[in-house]
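We have chain V; now place chain X onto it with these hints.
Protein chains: 2
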Amino acid sequence: MNAEIIAVGSELLLGQITNTNAQYLSKQLAEIGIDVYVHTVVGDNEKRLANSLELAAERADIVILTGGLGPTKDDLTKETAAAFCGRTLVHDEKALQSITDFFEKRKRPMTPNNKKQALVIEGSTVLTNHTGMAPGMLLETEKCTLVLMPGPPREMQPMFELELKPRLLDGSGTAITSRVLRYFGIGESQLETDLEDLIDAQINPTIAPLAGNGEVKLRLTVKHTDADEAERMLDETEQLIQKRVGEFFYGYGEIGLMEQLAIQLKRAGQSISAAESFTAGMFTAGLTSYKGASEIFSGGLTAYSSEVKENMLQVSKETIRQSGVVSEACAMEMAENVRKLFSSDIGVSFTGVAGPDPQEGKEPGTAYIGIAGFKEEVLVFPLSLSGNRQAIRERAIKYSCFYLLNELKRWNATQ
Amino acid sequence: MNAEIIAVGSELLLGQITNTNAQYLSKQLAEIGIDVYVHTVVGDNEKRLANSLELAAERADIVILTGGLGPTKDDLTKETAAAFCGRTLVHDEKALQSITDFFEKRKRPMTPNNKKQALVIEGSTVLTNHTGMAPGMLLETEKCTLVLMPGPPREMQPMFELELKPRLLDGSGTAITSRVLRYFGIGESQLETDLEDLIDAQINPTIAPLAGNGEVKLRLTVKHTDADEAERMLDETEQLIQKRVGEFFYGYGEIGLMEQLAIQLKRAGQSISAAESFTAGMFTAGLTSYKGASEIFSGGLTAYSSEVKENMLQVSKETIRQSGVVSEACAMEMAENVRKLFSSDIGVSFTGVAGPDPQEGKEPGTAYIGIAGFKEEVLVFPLSLSGNRQAIRERAIKYSCFYLLNELKRWNATQ
Numbered sequence: 001m002n003a004e005i006i007a008v009g010s011e012l013l014l015g016q017i018t019n020t021n022a023q024y025l026s027k028q029l030a031e032i033g034i035d036v037y038v039h040t041v042v043g044d045n046e047k048r049l050a051n052s053l054e055l056a057a058e059r060a061d062i063v064i065l066t067g068g069l070g071p072t073k074d075d076l077t078k079e080t081a082a083a084f085c086g087r088t089l090v091h092d093e094k095a096l097q098s099i100t101d102f103f104e105k106r107k108r109p110m111t112p113n114n115k116k117q118a119l120v121i122e123g124s125t126v127l128t129n130h131t132g133m134a135p136g137m138l139l140e141t142e143k144c145t146l147v148l149m150p151g152p153p154r155e156m157q158p159m160f161e162l163e164l165k166p167r168l169l170d171g172s173g174t175a176i177t178s179r180v181l182r183y184f185g186i187g188e189s190q191l192e193t194d195l196e197d198l199i200d201a202q203i204n205p206t207i208a209p210l211a212g213n214g215e216v217k218l219r220l221t222v223k224h225t226d227a228d229e230a231e232r233m234l235d236e237t238e239q240l241i242q243k244r245v246g247e248f249f250y251g252y253g254e255i256g257l258m259e260q261l262a263i264q265l266k267r268a269g270q271s272i273s274a275a276e277s278f279t280a281g282m283f284t285a286g287l288t289s290y291k292g293a294s295e296i297f298s299g300g301l302t303a304y305s306s307e308v309k310e311n312m313l314q315v316s317k318e319t320i321r322q323s324g325v326v327s328e329a330c331a332m333e334m335a336e337n338v339r340k341l342f343s344s345d346i347g348v349s350f351t352g353v354a355g356p357d358p359q360e361g362k363e364p365g366t367a368y369i370g371i372a373g374f375k376e377e378v379l380v381f382p383l384s385l386s387g388n389r390q391a392i393r394e395r396a397i398k399y400s401c402f403y404l405l406n407e408l409k410r411w412n413a414t415q
Numbered sequence: 001m002n003a004e005i006i007a008v009g010s011e012l013l014l015g016q017i018t019n020t021n022a023q024y025l026s027k028q029l030a031e032i033g034i035d036v037y038v039h040t041v042v043g044d045n046e047k048r049l050a051n052s053l054e055l056a057a058e059r060a061d062i063v064i065l066t067g068g069l070g071p072t073k074d075d076l077t078k079e080t081a082a083a084f085c086g087r088t089l090v091h092d093e094k095a096l097q098s099i100t101d102f103f104e105k106r107k108r109p110m111t112p113n114n115k116k117q118a119l120v121i122e123g124s125t126v127l128t129n130h131t132g133m134a135p136g137m138l139l140e141t142e143k144c145t146l147v148l149m150p151g152p153p154r155e156m157q158p159m160f161e162l163e164l165k166p167r168l169l170d171g172s173g174t175a176i177t178s179r180v181l182r183y184f185g186i187g188e189s190q191l192e193t194d195l196e197d198l199i200d201a202q203i204n205p206t207i208a209p210l211a212g213n214g215e216v217k218l219r220l221t222v223k224h225t226d227a228d229e230a231e232r233m234l235d236e237t238e239q240l241i242q243k244r245v246g247e248f249f250y251g252y253g254e255i256g257l258m259e260q261l262a263i264q265l266k267r268a269g270q271s272i273s274a275a276e277s278f279t280a281g282m283f284t285a286g287l288t289s290y291k292g293a294s295e296i297f298s299g300g301l302t303a304y305s306s307e308v309k310e311n312m313l314q315v316s317k318e319t320i321r322q323s324g325v326v327s328e329a330c331a332m333e334m335a336e337n338v339r340k341l342f343s344s345d346i347g348v349s350f351t352g353v354a355g356p357d358p359q360e361g362k363e364p365g366t367a368y369i370g371i372a373g374f375k376e377e378v379l380v381f382p383l384s385l386s387g388n389r390q391a392i393r394e395r396a397i398k399y400s401c402f403y404l405l406n407e408l409k410r411w412n413a414t415q
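Chains as they are written, first to last, in UniProt numbering: chain V, 1 to 415; chain X, 1 to 415.
Chain V on its own, in the form it takes in the complex (with noise of 0.2 Å):
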């Protein structure tokens, strides 16, 4: 089975933005063994749109449209399609509730364009808008498969993952299992080495890294038509794996770093609070962006400045003369007094430099972890990191993270 992606929209041929979607939906086709052969990108042009579906629909067996569901003058993606399979536009009750009450919710007046929003395809399987207003739908034509799905990565991806990827595993034959291991501080090409000649013996399942965002995924993907069959195929190739490289993984699925952190804090019932200098409130956001983080964290506190480190976290002035704010001293003190500060079991502090300019006559990327609670010391891990300003946040944010979730397996085995 193959696919052709049509992404609509002029702000793409103008350059304003990238076409993501296309990359998006190529990788997640893969995966589940629907290959893509090619890629188009018009813009809110009703005949060149047309003209595009016309020349896809004849090579490939889906066609999946993305944008131009919008409410504006120059979304046509629906009108369009519909002329296409000679279908009418009607208005999906359910979908025009939500628009609504979406309105109703803002206490913003709905403007009549708004009601277009509700229209979809005669016939057509209605593919629900978690994260905005415009319904996909997904109908079968004389000649393909049409999909179509609105323009945002916001709200295309969880309909993706929502609502069209089940319905197309049922199509497919085969079933395909995948499975997810995560790593942090390994880099991807260490990785790879590290398991060349499994990678290369790889058939079923096989094994695809992936790296991003400083973090490395192995993608473990069988084929297979008996679901327990697969899952003990997995676990072998998995033991294999680990046994090379297990002291870099942290976990499976989508589930970042940040995320696995804040289920195993819960797990083990310990709360948490940060003192932020250069990450500036960073990991406390991260934490927070999950559900029932106040089991875990009560607060935190940003010191940027020396006086506040000083006045607010008690870090000795001598401490400050001595070795500076970016420090193994410093880090220390604010892990520790943040933790008593907010009376939480475990404190983590970050300072460093986020540059462009050093700092102390420290290089960017200079920076220190520390974290308090599980010994009587309190430990600090030294990072000297690369990258732009942002970038070496981020990462001291991973790295944190990752030790963290070291400490709390150590201290796991110890209860």
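Straight-line C-alpha distance at most 20 Å; calculated SDA-like pairs for lysine to any residue: (1) V:K105 / X:K398; (2) V:K217 / V:L195; (3) V:K73 / X:T221; (4) V:K291 / X:P358; (5) V:K107 / X:K398; (6) V:K398 / V:Q190; (7) V:K73 / X:K217; (8) X:K73 / X:A83.
Partial list, derived from the structure: chain V residues whose beta carbon lies under 10 Å from chain X: (9) R106; (10) K107; (11) N114; (12) T288; (13) A293; (14) S294; (15) S298; (16) G299; (17) G300; (18) S305; (19) S343.
Hints were generated in silico from the structure; no laboratory data involved. C-beta atoms are modelled at their ideal positions from N, C-alpha and C, and glycine is treated no differently.
Frame of chain V; chain X shown alone:
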């Protein structure tokens, strides 16, 4: 004059990389007045590439191919393009020399397949590769102007800038200047309704609404032959627009709400501190993502639990008992007290329900933003936001930036 862009590479169809070349080229071409109507991505497959090339050549004046010029077997863009216009491939001495030099410099043996990179389509203008080995090509065919460039952006972009752009400019006469106006607190459809007649009447400049992340942008684009005249035309159109929706306008170009706030605070010489409950550090983390944040920001407090609000922010037990923590009264005390605590000019506070569950009987999305320092009394802005947990938090941050920018504007006016 119009163009089409064809990116060649199976890695694009597997979703391993994004097609950033199409975006870069589209943006560049728009600026020199060349319209791009279609982007296509095809794999390293001779038949499908030939097919796409055929179609593009029929539709467009210029067809730009990127990728597939490398030394390996699956690089077949040149071969396919040569066959398409019935020409042969010949060795380009200059290109061959630079490839030989490349290997000599690195003292690496030059494998025979690298010679392949010096092959160019006969009769084509060779576009020098300033950052790599594979040369580009520009040639006139019966159907269109054909351009071949390498796939790696670090090779393609300098080649466009230094080799292709000057040659294209000789062709086209007009230039394009555009101006982006940024708005917040108004929906795309509302904005378009308010400007409907202007948008309908648009010819030059054109007015294009772009929505994303709860913000709306208007891109005014003017085709011209004289830069000063262009600015005058843009000014005129902007004035017409601002008369109607100016209250929602907050800035120009690529600078978003948070960066705009950082800039304006610096400009006004005002320092700020934040007390964050449900946003838990997102405001401080965002504000400090820009260089030199220490000039305007000393610190903040993430007051997630009621205890922290009481003990560290001195929010009165009375307030919390009577109104709850998600209340106007609490937001007011949080803003004023954090301002004092960090002795900053301005104090901003965030309290609300991020969800997914209600809190104090208040629905997710219920939020209050407090701003202290501009007037005697603390300003409080109640919000009712929609979306998931993270969307609610992000929207609250955007609203706070917008409110702060408005207060700064008023404050500046009084200075």
